[in-house]
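Peer 1: Listed below, chain by chain, are the residues.
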Amino acid sequence: MAKKILMCGNEIIGEAAILAGCRFYAGYPITPQNELIGHMAKRMPEVGGVFIQSESELAAINMCLGASAAGARAMTSSSSPGISLKQEGISYIAGSELPVVIVNMMRGGPGLGNIAPAQADYFQATKGGGHGDYHLIVFAPASIEELAKITYQAFDLADKYRNPVMILGDGILGQMMEPVELDLKPRKNLPKKEWALDGHAKGKQKIIRSFFIEDGVLEQHNKKLQEKYKKIKQELVMYEAQGLSGSDVVLVAYGTASRLVKAAISKAGSLGIKAGLIRPITVWPFPEKIISDTAKKAKKFLVVEMSAGQMVEDVRLAVNGKSQVHFFGRAGGGVPGVEEILEEIKKLK
Amino acid sequence: MKKIFGKTKSLQDVKTHYCPGCGHGIIHRLVCEAIDELGVAEKTIAIAPVGCAVVAYYYWDFDTCEAPHGRTPAVATGIKRVKPDKIVFSYQGDGDLAAIGTAEIIHTAARGENITVIFVNNTVYGMTSGQMAPTTLIGQKTATTPLGRDIKRDGYPLKISDMIATLPGAKYVERVSVGSPKDILSAKRAIKKAFKNQIDGVGFSMVEVLSMCPTYWEKSPVEATRRVEDEMKKVFPLGQLK
Chain W
1 MAKKILMCGN EIIGEAAILA GCRFYAGYPI TPQNELIGHM AKRMPEVGGV FIQSESELAA
61 INMCLGASAA GARAMTSSSS PGISLKQEGI SYIAGSELPV VIVNMMRGGP GLGNIAPAQA
121 DYFQATKGGG HGDYHLIVFA PASIEELAKI TYQAFDLADK YRNPVMILGD GILGQMMEPV
181 ELDLKPRKNL PKKEWALDGH AKGKQKIIRS FFIEDGVLEQ HNKKLQEKYK KIKQELVMYE
241 AQGLSGSDVV LVAYGTASRL VKAAISKAGS LGIKAGLIRP ITVWPFPEKI ISDTAKKAKK
301 FLVVEMSAGQ MVEDVRLAVN GKSQVHFFGR AGGGVPGVEE ILEEIKKLK
Chain X
1 MKKIFGKTKS LQDVKTHYCP GCGHGIIHRL VCEAIDELGV AEKTIAIAPV GCAVVAYYYW
61 DFDTCEAPHG RTPAVATGIK RVKPDKIVFS YQGDGDLAAI GTAEIIHTAA RGENITVIFV
121 NNTVYGMTSG QMAPTTLIGQ KTATTPLGRD IKRDGYPLKI SDMIATLPGA KYVERVSVGS
181 PKDILSAKRA IKKAFKNQID GVGFSMVEVL SMCPTYWEKS PVEATRRVED EMKKVFPLGQ
241 LK
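Quick note, the sequences are listed as chains W and X, same order.
FYI, this note's numbering numbers position 226 of the first sequence as 226, with every residue one higher than the one before it.
FYI, this note's numbering numbers position 210 of the second sequence as 210, with every residue one higher than the one before it.
Hint data in this document are derived by calculation from the structure and do not stem from the laboratory.
Take these hints with a grain of salt, some might be off.
[What the hints assert, rightly or not] Covered stretches of chain W (chain X as the covering partner; in silico rule of three or more C-beta atoms under 8 angstroms from a C-beta of chain X): (1) 207–219; (2) 335–343.
[Claimed, not checked] Dumping the calculated EDC-like pairs for lysine to aspartate or glutamate here, alpha-carbon to alpha-carbon at most 16 angstroms: (3) W/Lys206 - W/Glu97; (4) W/Lys274 - W/Glu344; (5) X/Lys233 - X/Asp200; (6) W/Lys202 - X/Glu42; (7) W/Lys3 - W/Asp183; (8) W/Lys204 - X/Glu42; (9) W/Lys4 - W/Asp183; (10) X/Lys192 - X/Asp36; (11) W/Lys206 - X/Glu42.
Remember, it's a predicted structure, so these values are computed and weren't measured experimentally.
Backbone N, C-alpha and C define an ideal beta-carbon position, used for all residues, glycine too.
Please take these sequences and the hints and turn them into a complete structure.
Peer 2: Structure below.
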């Protein structure tokens, strides 16, 4: 039977990564994910992996680029301002088709902002962030258990699709503690990556690149990437849906916001208001279909985010005018209260 | 008749895109010869820069990873830490290493990563049409210093190798030149030493190579070699710094 452990979210991410076979971590301290870098500093040497506290978040993502190019399961983590620094590296990683796991424990912004939790990096995570036509696979866990399971899966998916994967958390998820049974099997004997760089002793020169200057080649490369993203969209959408049938209002929220929304929905229920929830677990690929199908039944949508409104645009796109989409959010590190959300639900009944 | 000299195995038999009189062709040859003579071509991993040598992997036959501009030493760190038994080298120009990549090269040397760095210094940004580099000489005319580099506006050239030599993690730092046949022979010795150091586990080894850019110096290839002798060596003297 798996041991029940009590760790904060940041530490759980580290443990799950190690169980998934991550043996390279590079990062830079930034609140609210310092527990993760501290945990990796302690645990990586214990499992024969590499830990580097790099000189910047910029250096860390590039170290991961190298480690991944050499075939290792590599991870870096940061919070919003540091993730901004990583955007260049992320674009190169996506263009070079390298697997890297990137963790963003979001905080208030823009700029230096504050260290309170936020969800204001949704655009950055799902609409690019870095230059060029690429996508990250982006997960939005909402509990310690999900943080563990998703981090563990992230490495397999990154390798499977040869694509960077982002885990989009926030300061609350990173610091909160919930008991969890970590019944994840340690990944051993991972298959060899034929494309990884290790000297060409066994054959032809291998090149990891994102630069294709010859006429038409980059366009072909982009077509290949787009085919990959299409495949990911077909295979990887994850969401949780509850109480959709018979509901007056359907709320859409992810991560910590979804936990507050669930509490508000419960209170609404005791007042006789039926409210449903669609909780994206992947925010890229976005669960358009469930939202679109629900919109056909003319339900009102209420999107709740810890931002000035970012995911709401994707909800509006999926609803495509078939129904009303309302928004309630708190920006700059503000956390919506359960009562506040309940008031918004009441307004739409 | 017995063949006594030829193109070394790791130098691919293709035409390069480099300008006539450019130093890259010579430096690529020296790197390939050093690696072939040391017998480590099949376990070498190179990191290509952003600059005129961006497609160096078309010219040298080593497994190669591209890096974003300046991040080359960080990428090299990731590769070397994961594959410590491979021979990992970065090849960078003056913009890559001493402008945008200043933090990365200093910290890679400070950490004492056991890699080899080939630093090509031609005092100008060739790929982007001849702008000022951190190593551009005072008074030198470039696309962004049309009246000549001016101390007040543009500051002084950076002697980055001298700075790196002060770091305990940097084990071998030498400045060489490919501006004359005699200097090319010394450059080869230094480059080979920088690779041998990695094989022997000595630690971070860097060779700065003064090189020619006839196109953006607006000189003929021969005049360009004279500029290395008469002007560049005064600011960037040759020798072992560490």
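Peer 1: Against this structure, judge whether each hint is valid.
Peer 2: Structure-based check of each hint:
| no. | hint | verdict |
| --- | --- | --- |
| 1 | 207–219 | holds (count 6) |
| 2 | 335–343 | violated (count 0) |
| 3 | W/Lys206 - W/Glu97 | 14 angstroms, holds |
| 4 | W/Lys274 - W/Glu344 | 13 angstroms, holds |
| 5 | X/Lys233 - X/Asp200 | 31 angstroms, violated |
| 6 | W/Lys202 - X/Glu42 | 8 angstroms, holds |
| 7 | W/Lys3 - W/Asp183 | 8 angstroms, holds |
| 8 | W/Lys204 - X/Glu42 | 10 angstroms, holds |
| 9 | W/Lys4 - W/Asp183 | 9 angstroms, holds |
| 10 | X/Lys192 - X/Asp36 | 10 angstroms, holds |
| 11 | W/Lys206 - X/Glu42 | 11 angstroms, holds |
Hint violations for this structure: numbers 2 and 5, all remaining hints satisfied.
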